[in-house]
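As they're listed, the protein sequences go chains A, B and C.
Residue numbers are given in my numbering: position 54 of the first sequence equals residue 1235, and the series is strictly consecutive.
Residue numbers are given in my numbering: position 33 of the second sequence equals residue 34, and the series is strictly consecutive.
Residue numbers are given in my numbering: position 47 of the third sequence equals residue 136, and the series is strictly consecutive.
Hints may contain errors.
Claimed, not checked - In silico lysine to aspartate or glutamate, DMTMM-like type, Cα no more than 25 Å apart, as pairs: (1) A/LYS2048 to A/ASP1872; (2) A/LYS1456 to B/ASP113; (3) A/LYS2050 to C/GLU119; (4) A/LYS2048 to C/ASP124; (5) A/LYS1546 to A/ASP1574; (6) A/LYS2049 to C/GLU120; (7) A/LYS1460 to B/ASP113; (8) A/LYS1862 to B/ASP113; (9) A/LYS1862 to B/GLU73; (10) A/LYS1456 to C/ASP155; (11) A/LYS2081 to A/GLU2148; (12) A/LYS1546 to A/GLU1535; (13) A/LYS1456 to C/ASP99; (14) A/LYS2049 to C/ASP110; (15) A/LYS1962 to B/ASP66; (16) B/LYS23 to C/ASP117; (17) B/LYS23 to A/GLU1886; (18) B/LYS23 to C/GLU169.
Hints in this document: simulated from the structure, not taken from any laboratory.
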Amino acid sequence: MSRSPNGGLIDRSKSLSFTFDGTSYSGFEGDTLASALVANDVRLIGRSFKYHRPRGILTAGSEEPNALITLRTGARAEPNTRATVTPLFDGLEATSQNRWPSLRFDAMAVNQLFAPIFVAGFYYKTFMWPAAFWEKLYEPLIRRAAGLGRLSMLPDPDHYDREHGFCDLLVIGGGPAGLAAALTAGRAGLRVILADEDVRPGGRLLAEHLEIDDTPGAAWAELVVAELTALPNVNVLGRTTVFGVYDGCEYAAVERLTDHLAHTYPAQPRQRLWKIVAKRAVLATGAIERPLVFGGNDRPGVMTTSAVSTYVNRFAALPGRRAVVFTASDSGWQTALDLLAAGVSVAAVIDPRETAPIAAEALLKAGADILLGARLCDAIGAPVRKVEVHLADGRRRRIACDLVAMGGGWNPAIGLGSNMGARPIWSDAAQSFLLDQTPPGFVAAGAAAGRLALHEALNDGVTQGAAAAEALGMPALKPRFAASDEPASGRPLWHVLGRGKAFVDFQHDVTDKDIALSAREGFVSIEHFKRYTTLGMATDQGKTSQLNGHALLAAATGKSIAEAGTILSRAPYQPVAIGLLAGPHRETHFRPERHTASHHWAIAQGATFVDAGQWKRAQWFARPGEKDWMETVNREVTMTRNGVGICDVSTLGKIDVHGPDAAALLDRLYINTFSTLSIGKARYGVMLRDDGIVMDDGTTTRLAEDSFFVTTTTVNAARVMQHIDYARHVLWPGLDVQATSVTEQWSTYAVAGPHSRALLAQALPGIDLSNEALPFMAAAKFRWNDAPARIFRLSFSGELAFEVSVPATHGDTLIRHLFEIGRTFDAVPYGTEALGVMRIEKGHLAGNELNGMTTAGDLGMARMMSKKKDFIGRVMAARPGLADLKRPSLVGLIPVDQSKQIRAGAHLLPPDAPRTTAYDQGYVTSACWSPTVGHAIALGLLVDGPNRHGERITVHDPVRGADVQAEVCNPVFVDPEGVRVRA
Amino acid sequence: MPDPFSAEPRNRLGIASVMARKGIAAAEICAALGARMPDRPLATFIGGRTVVGTGPGTWLVTEEDAAPDFAETLQQVLAGLASVSDQSGGYAVQRLSGPAARTVLQRGAAIDFHPTAFSTGSAATTVIAHIGIIMWQVDEQPTYDVAMFRSYSQSFRHWLNQTVAAL
Amino acid sequence: MRIPCPYCGDRDSQEFVYRGDAGPVRPDGEEGFFDYVYLRDNPAGPIREHWYHAQGCRSWIVVTRDTRSHAIHGATLAAEAAR
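Bound conformation, chain A alone:
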């Protein structure tokens, strides 16, 4: 064990056991998985992406590129989890990744020997040909050799919650700047959301020996959080990462609710997606320490200085016994002091700068070598055993050690700030890229703004918190904080020449040589460079590697870093589970379902359901003994045509169009005329789009002088409503007409077949259903069980038929009542499939024909287009191309050999013509087997079709591979004279 006997923000009274690659270890409450592994002397955590190099822990934060493990097992296994931000819990199981057969011995590590072919762009060059090899050989090989963790391939068993947040100020990050901003704004009464990704806010205050107002940093953070939590206007969200910035001051965040728990109860969501609308936001995400680029800088045992300080100070976990510190900034010297204080011997502090900060004295006293103007050029051994140092005087020296702390300086964590597309610009003062243009209301503070010192961060937070208050006209008191002073200067060092591989992007295995290669091969634009080398394209988005890479590219191309520029960060800033974004909308709940009032009754009747938009509609009602759906549908059709059938048609769109100008509006919406329709009568109508193509059809009934009841197809209901509103609001706002959807108000049942009148006469006594009182296309109001009800003499089936409508609250009662009475008549329920067969038999149109490509003329309704009035689509429908009589138009098709079937989608070609598109004359839109006529029938669109009845044609089906000879005929197969509907 490498745990200091005391100190740290861990609860030593709560011991937690966990396993890594099957071996049991223990840690404490407050540990991360990474800190517990450090304390247990586990240094080898995984193998790298491309070269399978042994890797350890590089950082102590969410920027970690190396220490990726698979957390948990089975369906809950989550690959590529960063051990550095995984709170330890009792029973945690973690597994290393990308190694075979084991972490210590990895066969794929031979990839390192072939490193020359794995350089940037290797697969573009190496695996070019033959093309056939790609899918079968190259890709599987590469995928096995290169990669990270594997998915469980099981459905995610967790569920995910969502919440919408609204605030005056969103503070992103709970370090000193964020806490100061939240406190200032919170005390001023602003609605504040503070989102901090750690298990407890505090940021660097938890990891360093800092004091604010003479209080140790961690204790100060605790006091501030306690005050914030007590304020009713402040919402402190711990374990919450803001991962995206969007238009309109919207932010996305993930709150991790159970990831830190060993056990959860079943209804407990794993994570919550926050969609936050914030008038203003402060980016207080701090800064990320840059690694230094030298040979073997990826060896286990090489860590950033901030990581070393964090493990030592916050977790009392010692990452080594004998350390070498290689730093280009003062913060690294503090790490050396932290190590000393924890009892770790410091062999040397190496700084490329020539002057030492004050800390040097104490280190010298403790026996450390202070090597100024020197560079560490190679770390040797895995885990690291020694380092080679290039001294100021040109000599080389080897130093034995088991820990290298490296500090290249600090990059403000500005990723979120470029989500909206504004490119960060170089700051000479901060020696880093900083946000230039920020999203509206969004500002960086503290280290994220390049102001690294503690007092600067606190001041920045106060200033931005107060600014948010003042912008809302609320006065804010600006608290003053006395912060412990600290030296914070540094000078970037971008590269040290060594013998070993020097890594820039640890997660994607991009080295200094890859960058030089990219420059040599002309990929010098920062965006080309990114894609060619893949630097910054791993799951960490290059948080530790971007600036080093861009600086090296600038050097290789002779540009300044400012000229070379930097890339943008995209949401999600940190990886998030797909399940989080899906929330409850997955599997059968992917979208809501709509059920008609007869749904439960239909289930009880054994209905099979089909989706029609969001609606669940009964497709057919199978009876015991029926061998397939076809037998069921044939029975439903035959029993309806010979007796009586009942179908729920409630899903059709229904719209009340009211007002003095209702008729005038309908005349403009439909190709035919409704102003001439008598009260109590219905009429079929067709509406066009602006471009002259058919949009929808349906019947409209006039219930009063100023009251029409419009129906639409099921799937177009919302679109037609929108179209009507467009006409009312935009096209003709002067018309006095009101419209509203009443689709859901009415349960409507079609009662069809020769016995329908007799059935309804018993079911709805007192209503005159005679031809005189209620002729075809007539409608009447009545009361049913006191409720307002309506009956329409309409028929989609071509039979004598009625549609009965009652309020949906009465729909279940009515369907049961109809079948109760219907027993005497052997009434049959029929579904959408029988409905479809009967409408094809009658040549009625449906979605297959109203397919967004057909004109009214194509569908045999050219004469319906009124010439006496204007209507939407009229002028455009008259374009020569759309009005051409030779266009494919509606016909019926019967197979010459009546044992054959015709399939929808098949193409129509002249007999004996080559089967090529040049001879294509149309296609089949709808096809079925007709139990009424006893053979297959189909509807299709055929060039000059109406003039070709009696002709033979080839129905060519290249996809399903069956050619059928067919005869062109009238598209009405059953009762073409329409005797039955008027019976």
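Please arrange chains B and C on chain A, whose structure you already have, making use of the hints.
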């Protein structure tokens, strides 16, 4: 202590949508109905009747224990002033109440339910779990009525159950 | 993205249906329909657009949006804008 959360269906409600005729001000309709007709997304309560602003010149009127011909009567009263469509069967209304109701709704709708932004008499037509809803706040307990098209009841219930279980 | 509905207030853009440029006006006579149906400008900058608050108050509105930044400068009811 009241229950942290309860959800009850409101049955036997008469429901109608009312749309003003061209050039008719809300005040005229108001005079005919004896109810204040808010021309903003607000709800007004008079006895068992609630009038909810759902759009410009558009309201949803609900009435407790309404007669079956509730909408027809309303149409007669408003003849020449507004168009009325019966929606008594069209909407299902759920009453959500208790201290946790605000959080439940905040997890469904992208509307700010903070008391300073949404209080008794506030109303919104919006979306929860891809389901269109009209909702209004009834009291400060808080109690909310949520109206949705009836066919969505089961899907709404699924969302509600899952959200409440996660409280 | 949030869209300021003149009736409902600021709302999530998912509640709206986008139509496009609010500029073209449906011609009264026989001419100009091709331009009305098919021709659209694609300005880099502010544009007045038709949006439908389908999941809200069902109003067609005219939104002024900057295509470069998605900044929304305001919205009016289409029925009022037409007057």
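Check: When you check the alpha-carbon spacing of A/LYS2048 and A/ASP1872, does it fall within 25 Å?
Finding: holds (17 Å)
Check: Given the hint that B/LYS23 pairs with C/ASP117, does the C-alpha gap stay at or below 25 Å?
Finding: OK: B/LYS23 and C/ASP117 at ~22 Å, within 25 Å.
Next item on the list: Starting from A/LYS1456, check that the Cα of C/ASP155 is at most 25 Å away, please.
Entry: Measuring from Cα to Cα gives roughly 23 Å; hence the hint holds.
Notebook entry, point to check: Taken at face value, is the distance from the CA of B/ASP66 to the CA of A/LYS1962 at most 25 Å?
Noted result: holds (23 Å)
Note to self: Just to be careful, I want the Cα atoms of A/LYS2049 and C/GLU120 compared with a cutoff of 25 Å; is the pair within it?
What the structure shows: This hinted pair holds, its Cα atoms lying about 18 Å apart.
Notebook entry, point to check: Are A/LYS1546 and A/ASP1574 close enough, with their CA atoms no more than 25 Å apart?
Noted result: holds (23 Å)
Note to self: Need the status of pair A/LYS1460, B/ASP113: alpha-carbon distance at most 25 Å?
What the structure shows: holds (13 Å)
Margin query: Hinted pair, alpha-carbon criterion (25 Å max): A/LYS1456, B/ASP113. Please report holds or violated.
Written below: Between A/LYS1456 and B/ASP113 the Cα gap is close to 12 Å, so the pair holds against 25 Å.
Notebook entry, point to check: CA of A/LYS1456 to CA of C/ASP99, is that 25 Å or under?
Noted result: Given pair A/LYS1456, C/ASP99 holds - Cα atoms ~15 Å apart, limit 25 Å.
Next item on the list: Take a quick look at whether A/LYS2050 and C/GLU119 sit within 25 Å of each other, Cα to Cα.
Entry: Holds, at roughly 12 Å.
Notebook entry, point to check: Does the alpha-carbon distance linking A/LYS1546 and A/GLU1535 stay inside the 25 Å limit?
Noted result: Holds - the C-alpha atoms of A/GLU1535 and A/LYS1546 are around 19 Å apart, at most 25 Å.
Note to self: Check whether the Cα positions of A/LYS2081 and A/GLU2148 lie no farther apart than 25 Å.
What the structure shows: With a Cα-Cα distance of about 12 Å, the restraint between A/LYS2081 and A/GLU2148 holds, given a limit of 25 Å.
This entry does not satisfy hints 8 and 14, going by the numbered hints stated previously.
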